[in-house]
Amino acid sequence: MPNLSFRGGDLQRWAPLLVLVALVVFFSMVNPNFFSLKNFARIGISATPPLMIAVGATFIIIMGSIDLSMEGAVAVCAVVFASIFMALGGTLGGWGWLALPACLLVGAVCGLVTGAVHVGLRIPSFMASLSMGFVGIGLSLMMTGGDRIRVEDPLFRSLLTQRFLGFPLMVHVAFVVLLFAWFIQSKTTLGRNFYAVGGGEDLAHASGLNVRRVRIAGFALAGVFYAFGALFAVAQLGIAETATGYNFMFVSITSIVVGGTALWGGSGGVWNTLVGVLIVNVINNGMIVMGLPRYVQDGVLGLLVIIAVVLSTDRKSLAFVK
Amino acid sequence: MSFIKDFIEKETLSRRNFMLASAFGLTGAAAASIIGAGRAQAAGAIEDPTIAWSYRDRTNPYWNSIVSGGESFVESLGKPKSALVHLINEGSSEKSLADVKALLGKTDGKLALAIDTNDSPNARPVVEAVVAKGAYVSTIWNKTDDLHPWDFGDNYVSHMSWSDVGPAEQTATILFKAMNGKGSIVGLGGIASNNPAIERRKGLDNALKNFPDIKLLDYQAADWDTQKANSIMSSYLTRFGDEITGVFCANDTMAYGVLEALRAEGLAGQIPVVAYDGNAQAVDLVIAGELLATVYTNPHWGGGITAALAYYAATGAFKPSEEPHEHREFNGPTILISKADAEDFKKKYIDATPTYDWKDFWGPSNGPITY
Chain C
1 MPNLSFRGGD LQRWAPLLVL VALVVFFSMV NPNFFSLKNF ARIGISATPP
51 LMIAVGATFI IIMGSIDLSM EGAVAVCAVV FASIFMALGG TLGGWGWLAL
101 PACLLVGAVC GLVTGAVHVG LRIPSFMASL SMGFVGIGLS LMMTGGDRIR
151 VEDPLFRSLL TQRFLGFPLM VHVAFVVLLF AWFIQSKTTL GRNFYAVGGG
201 EDLAHASGLN VRRVRIAGFA LAGVFYAFGA LFAVAQLGIA ETATGYNFMF
251 VSITSIVVGG TALWGGSGGV WNTLVGVLIV NVINNGMIVM GLPRYVQDGV
301 LGLLVIIAVV LSTDRKSLAF VK
Chain A
1 MSFIKDFIEK ETLSRRNFML ASAFGLTGAA AASIIGAGRA QAAGAIEDPT
51 IAWSYRDRTN PYWNSIVSGG ESFVESLGKP KSALVHLINE GSSEKSLADV
101 KALLGKTDGK LALAIDTNDS PNARPVVEAV VAKGAYVSTI WNKTDDLHPW
151 DFGDNYVSHM SWSDVGPAEQ TATILFKAMN GKGSIVGLGG IASNNPAIER
201 RKGLDNALKN FPDIKLLDYQ AADWDTQKAN SIMSSYLTRF GDEITGVFCA
251 NDTMAYGVLE ALRAEGLAGQ IPVVAYDGNA QAVDLVIAGE LLATVYTNPH
301 WGGGITAALA YYAATGAFKP SEEPHEHREF NGPTILISKA DAEDFKKKYI
351 DATPTYDWKD FWGPSNGPIT Y
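Note that the protein sequences, when read in sequence, are chains C and A.
Residue 110 in UniProt numbering sits at position 110 of the first sequence, and the numbers go up by one each step.
Residue 265 in UniProt numbering sits at position 265 of the second sequence, and the numbers go up by one each step.
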């Protein structure tokens, strides 16, 4: 930040982080158990798969599009990973490790198809991705026949069971992937092109950018992060099934918006998404730690999301909200 | 367009006759004969009816077993699996009813239907549509308390449900005994408005009355969902810490999430957990000692016998109206699985699917439904 003097925009920029801190302070006051390394590790575990998925979708939202295919993509990635993993011996010690790159590849292909359908057929990203999500759910259902595949390899499950500095390995690995996402966002041409497309597509097009190619690449990249999310979700529960993908659409889109990435594109980024995912998971964890009954929890979550969006996005510059 | 007028008149007439018959309190058999007279098909005269199963979806191991039972019944008739027609309602009662009506039209009433109508109020329109066409239907799980097969002659063949209160009380009792009758538990329930979720909670409450030294710390709905159960359990660990000495789960899929939350903390196998449904994975976990107990409701048999009842009533192999009430509304089987019998259970029910006599309609059932 070149200008250190305080401006209104700065407050908005840091609002999501302040909301997160305020929530942590609040829940800690209600129940001191909340503020403990053990609980932060628990929040870390539940936040890891949605973080990966939300990071992928962040790139799409920066472009001003939206991706709702994550539930299908995650289901396909999880099922393909588990099938290959079990077919190759079912342990990371043997040839099973090949299932990891295969899973990322499948994620990229899923994204590529969604992007191609959206750009090639000129279908709005909302509709194209939602439909491809359904295709993914159907595909994974066809592969499993409705059954669940169990992944019990202790080496793979060590992502959950082994701890370093109090946090399971999966949290550390996810942090490395997050740094990788940040690198793409800020240090690569592709990353900067996402902002160019989201900030003003006509302008980007007029200045010679192949917008169609950027969009397809964005969806493929998002698919890779969905695959990471699928891997962590399988590591967390030891089960790969069609339902592995469920619930991720709401959590990831909410987290992105709460983190301050605007749905109209051109602003925000992966760090915002990290804060957003943490806010949503802290709320979910905190409400149970407080002992709120379930029917109150859903309502409170909805209200907090609205408050967070009001605080963290600059809506003055918008001519109209649609 | 006179045939349309004829059709409407005929439908109105048979419906009015039917309603009049009910209003005057005539027996079901009489009501059926009035409808039957208006139709070409007399009771039990359908040769080779289409067999259909209408259910929610296949992503769930429970419905998967129901359907496998239906398929195995169809195979017992010497037909291929594909002869079973699948009507998938995806959790929508409207779709459930529309699909049934479409199939009734297509088969012209030559239909033996097994169905879970998705919710209780939907059972009546489904049954009425089937009866009006002279087809045969057997229902499971959902129907309102005032709807009875014997009020519809032969065409509404049977209703099967499962009472979960007793078995849930048993699993809770096993849990409390493993805790030596004292300590504190947390509970995870299903979707709050679901009948099984309500009954299983009631079973837990009944058991709690017998163990005054067991405290229920909190009971939250995790919606039958593995992920939700996982995050709720880890939040419980923060809130109550070492106070938790037992966990009650209203089904297996939530128990998997609970066990993984415990595994992440190195607590797997140290805190006793009970579940419900008797899925294959849960049975393995009982054998491994990570789950204390679960309850099997034999969905494979339930799926097969429901289709068989509708089919054999349609072909005339037996006459439902001559059967006593407890053969037309009955509870399905429940088998409690704990460490002692899990190995035997696995050999008998999971490694090999037992071959059932699909004409032994009531052998494994569990007594009449009481209201």
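Treat the hints as calculated values from the structure; they're not laboratory data.
Treat the hints with care, since some could be wrong.
If we take Cβ atoms under 10 angstroms as the criterion, some of the chain C residues that face chain A in the derived model are [what the hints assert, rightly or not]: (1) 12; (2) 13; (3) 15; (4) 64; (5) 135; (6) 137; (7) 139; (8) 145; (9) 147; (10) 206; (11) 207; (12) 239; (13) 241; (14) 288; (15) 289; (16) 290.
Bear in mind that the values here come from a model prediction, so they are computed numbers and not experimental data.
All C-beta atoms, glycine included, are put in the ideal place defined by N, C-alpha and C.
To see whether the hints hold, each was checked on the structure:
1. Taking 10 angstroms as the C-beta cut-off, the interface hint given for residue 12(C) is violated, the closest approach to chain A being about 30 angstroms.
2. Checking residue 13(C) against chain A: minimum C-beta separation of about 30 angstroms lies over 10 angstroms; hint violated.
3. Interface hint at residue 15(C): violated, since its Cβ lies 26 angstroms from the closest Cβ of chain A, which is beyond the 10 angstroms cut-off.
4. Taking 10 angstroms as the C-beta contact cut-off toward chain A, the hint placing residue 64(C) at the interface is violated, the least distance being around 30 angstroms.
5. About 15 angstroms separates the beta-carbon of residue 135(C) from the nearest beta-carbon of chain A, more than 10 angstroms, and the hint is not met.
6. Because the closest C-beta pair between residue 137(C) and chain A is about 8 angstroms apart, less than 10 angstroms, the hint holds.
7. Because the beta carbon of residue 139(C) sits about 13 angstroms from the nearest beta carbon in chain A, more than 10 angstroms, this interface hint is broken.
8. Against a cut-off of 10 angstroms between C-beta atoms, the interface hint on residue 145(C) holds, since the closest Cβ of chain A lies about 7 angstroms away.
9. Of the supplied interface hints, the one on residue 147(C) holds, with its beta-carbon coming within about 7 angstroms of a beta-carbon of chain A, less than 10 angstroms.
10. Evaluation of the residue 206(C) hint against chain A yields a violated restraint, the C-beta minimum of about 45 angstroms exceeding 10 angstroms.
11. Annotation: interface hint on residue 207(C) violated; nearest CB of chain A at approximately 44 angstroms, more than 10 angstroms.
12. Residue-level restraint check for residue 239(C) holds (minimum Cβ-Cβ distance to chain A is 6 angstroms; threshold 10 angstroms).
13. A cut of 10 angstroms between beta carbons decides the hint on residue 241(C): the least distance to chain A is about 7 angstroms, and the hint holds.
14. Taken as an interface hint, residue 288(C) checks out: its beta carbon lies about 4 angstroms from the nearest beta carbon of chain A, inside 10 angstroms.
15. The beta carbon of residue 289(C) is positioned within 10 angstroms of a beta carbon in chain A (closest approach about 5 angstroms), and the interface hint is therefore held.
16. A hinted interface residue such as residue 290(C) counts as satisfied when its beta carbon comes closer than 10 angstroms to some beta carbon of chain A; here the least separation is about 8 angstroms, so the hint holds.
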